[in-house]
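*Asks:* Order-wise, the sequence lines are chains W and Y.
All residue numbers for the first sequence refer to the numbering used here, where the first residue is 3 and numbers rise by one.
All residue numbers for the second sequence refer to the numbering used here, where the first residue is -10 and numbers rise by one.
No lab work stands behind these hints: they were computed from the structure.
Positions of the beta carbon are idealized from the N, C-alpha and C atoms, including for glycine.
Any given hint might turn out to be false.
[To be verified] Covered stretches of chain W, going by a simulated chain Y footprint (3 or more residues, C-beta under 8 Å): (1) 56 to 63; (2) 76 to 90; (3) 257 to 269.
[As the list claims (entries may be wrong)] Straight line, CA to CA, 25 Å or less: simulated SDA-like cross-link-like pairs of lysine to any residue: (4) Y:K84 with W:L164; (5) Y:K253 with W:S59; (6) Y:K84 with W:S119; (7) Y:K198 with W:L168; (8) Y:K73 with W:L168; (9) Y:K427 with W:S119; (10) Y:K427 with Y:K198; (11) Y:K84 with W:K220; (12) Y:K193 with W:L164; (13) Y:K396 with Y:K193; (14) W:K256 with Y:G409; (15) Y:K200 with W:A52; (16) Y:K381 with Y:V362; (17) W:K220 with W:S59.
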Amino acid sequence: MTTIADELTIERRGHAGSVARRRTNFVIFLGPAIILTVLFFVVPVVIDVAVSFTDLSRSLRISEFTTEQYEKVFRTDRRLSQVIGLTFIYVFGTLAIFNVTFGLILAVATTAIRNASGSFFRGVWLLPRMSPSVLYILLWLWAVSPTEAGLINQVLMQAFGLDAPLDLLTSAPIALIIISNGFIGASMGMIIFTAAIRSIPEHLYHAAAVDGAGTFAKIRFITLPALRWPISFVTIYQTLSLLVSFEYILLLTKGGPFYDTTVYALYVYRRAFESGQYGYGAALALFLIVIGVVVALLGWRFFDMERLLQRPRIEVH
Amino acid sequence: MFHWKIGTAALLSAALIGGSAVFLAATPLFAQETVKLELWSRQDPSGPLRPGNLIKAAERLNKELAAEGTSKRVEVVVRESPAKGFDDDALQLLKVFGIGEGPDIFIAAHEWICAFQEDGFVLKLDDYIAKYPQHFGTIFPSLWSSAKCPDGTYAIPQDAEARMFFYNKKLLREAGYDAAFVDAMPERALSGDLTMDEVLEIAKQVVDKTKAQYGVLHRPNKGPDYIMVFQAYGSDFVDPETGKLLLERDKLAAAFGWFERGAKEGVIPANNTAMEFDALRKEFYTGNAAFFMYGIWDLGSVGFPTYGLPQDEKAFFADWGWIAGPAPKKGGSPVSLTHPIVYAIAADTKEPELAARLVGHASAADLNTDHAVTTTHLGIKPEQLEDPRYIKAWPLARATELLKITKFLPNNSQFAELNGIIYAGIQGIESGRLSAQKAADFVIEEASSTLEDVIVK
């Protein structure tokens, strides 16, 4: 016969055991992720902050701790406003046209046709992502070459009778960086949206068909509502990815002509590594980190990600 | 058994005596001390003998050391950097020095030398130059200014060259200019009669009246050649009194104006700075451009071997030629630019004396001539001019004429960064983003905000 006190002791022991187990699980399951996050995010950010308060320049020597780099950012750098404006156009343009919208169109289109054909087209759209970036951009450079040998010029001149070859790298560089990045970015949205569309129960479409819904009504009232979570995720993830990636731009336009395609991340790179102004580059990079965190938090709020991440209250089987 | 023992003893004795003899004979070898001197050199097809001559020089130095009876011997260990240009290479090397992993000797473009001097990475060489006149005494006096920083000489000139406007005579004749006019252009440029704007006019005629697509092409990346245009319009970029960077708005705008007029006339392509270097060269050497602003060595590196330009002097000058950078207006001064590459020694090398002597041997006239004639660079010593191989390499002799009017890039530690800004200005103009005045304003704003101690007038 046990007394109430005994029961309480047992409960407390059980509770203590469960706390210990939870702690162990925490270390086992989250430990590696935490270590990686600390090593590759927290430590670099701390180093970046430290470097941004120094005069570290091309010979990697620090002679003083200073706020000079931040004064430069706010007072004397006249390129920054243009660079930030361009970055907004680039990120928003690539995201709106390709990474979300075109990715969605591809997913809807390739799931609406026969499975084999759909898989084939998805495979084709995945090719740019699978190609090494240098090879991908070399193909682009050939495509947009301002001579008659360029692919686009060949098509325009021979099929459409254009007189002189177009120089798209000079006349439309921003469109080019959006398109070249978008062709790669669209494939990620396509894969995620395709997976989400495939998980929508088939009977909903049959029920809609019985109710007289056409193709567009099915997309509007069944597919799109089911894609809210993937769209939110792709938007936030790709925004952050576009904010910090610049390798395709560097390879395609080198940030030019002039500063026309120098997005913020590339600007940081040019300042730090082409001019050897590492302290200044670190200060600029810090703002990129801040912008990234702010965008992620705003996206979280805007898309109500917290609610989306909750366990669904109704399971549809 | 007894016989076997005697045989064994004999064998052992022979081995012992032989071994001792070998050991004794080899003793001086063991006593030798090999000094490894690390050389930093960019992988550069336009000058493989820059490091190569230092390796050959080690043999000569070692013979000299043996004759002196010293036990030290020198071995050169080459560290090749894959940088695509001398600017990238210098930035990389500054970092390497910064973390204490610098080489003993390095090869650099001369305008970077004061950046190394400012950070205390490079050895002052005045004493060594005075101590070894047999190595350094006859180097052309004019070349030394490319190796100097405010308080002394920090490098040894390794070569020189000449930058010019190459031109395609055939295209000019096709455009309606008579042969006498075309052949007289080099002379007219040197006398100040041919002007920068006349070059644009001629180029315009070529573009309008022939199949050639381009009038004037220049390098599609940051570098020295286009600085000639700025020097022609009066910008020397350094205040002679203080040694600080000097930017004069009107002179900058005047030089940018030449690029602006060229771009507006369709003579300089809007995408010149976006072109691939090889593609751009091909346009000129295959007859699709009237002028190409570049340097003499390109004939040896690319023009002759890749595009089959005539290697015979007479045949070459029948259809090709070059002019100095013309004067901005009639009667003005023409320009040419030379961009020496230099040998420099690290301040912290443990063997400065040996390193200096090694560089001295690498600067020998015959070795330098090997480099000069195989890569079409100009020599550093007058005695090279007598070498039959040098005389036979006619582009060198002909380009030497330009040395009378040649200038250098300023040896200012920040010039390389300023040059990047100037290049961005040219790109802004040619692609239609900036006017000449705006480009001058851009250079001044950008330089004032990112560089230190810039004097603006």
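*Asks:* Are the hints correct? Go through all of them and say.
*Replies:* Structure-based check of all given hints:
1. 56 to 63: It holds: at least three residues are needed, and the region 56 to 63 of chain W offers 4 whose Cβ sits within less than 8 Å of chain Y.
2. 76 to 90: The restraint on the region 76 to 90 of chain W holds, since 4 of its residues have a Cβ under 8 Å from chain Y and three suffice.
3. 257 to 269: holds (count 5)
4. Y:K84 with W:L164: violated (50 Å)
5. Y:K253 with W:S59: The given pair, whose Cα atoms are some 39 Å apart, is violated under the 25 Å limit.
6. Y:K84 with W:S119: Roughly 54 Å between the alpha carbons, so the hint for K84 of chain Y and S119 of chain W is violated.
7. Y:K198 with W:L168: holds (22 Å)
8. Y:K73 with W:L168: Status violated; Cα separation ~29 Å.
9. Y:K427 with W:S119: Distance ~55 Å between K427 of chain Y and S119 of chain W Cα, so the pair is violated.
10. Y:K427 with Y:K198: Violated. K427 of chain Y to K198 of chain Y sits at ~32 Å, over the 25 Å cutoff.
11. Y:K84 with W:K220: violated (61 Å)
12. Y:K193 with W:L164: Distance ~24 Å between K193 of chain Y and L164 of chain W Cα, so the pair holds.
13. Y:K396 with Y:K193: violated (28 Å)
14. W:K256 with Y:G409: Status holds; Cα separation ~13 Å.
15. Y:K200 with W:A52: The given pair, whose Cα atoms are some 59 Å apart, is violated under the 25 Å limit.
16. Y:K381 with Y:V362: holds (9 Å)
17. W:K220 with W:S59: violated (59 Å)
The structure is inconsistent with the numbered hints 4, 5, 6, 8, 9, 10, 11, 13, 15 and 17, although it conforms to all the rest.
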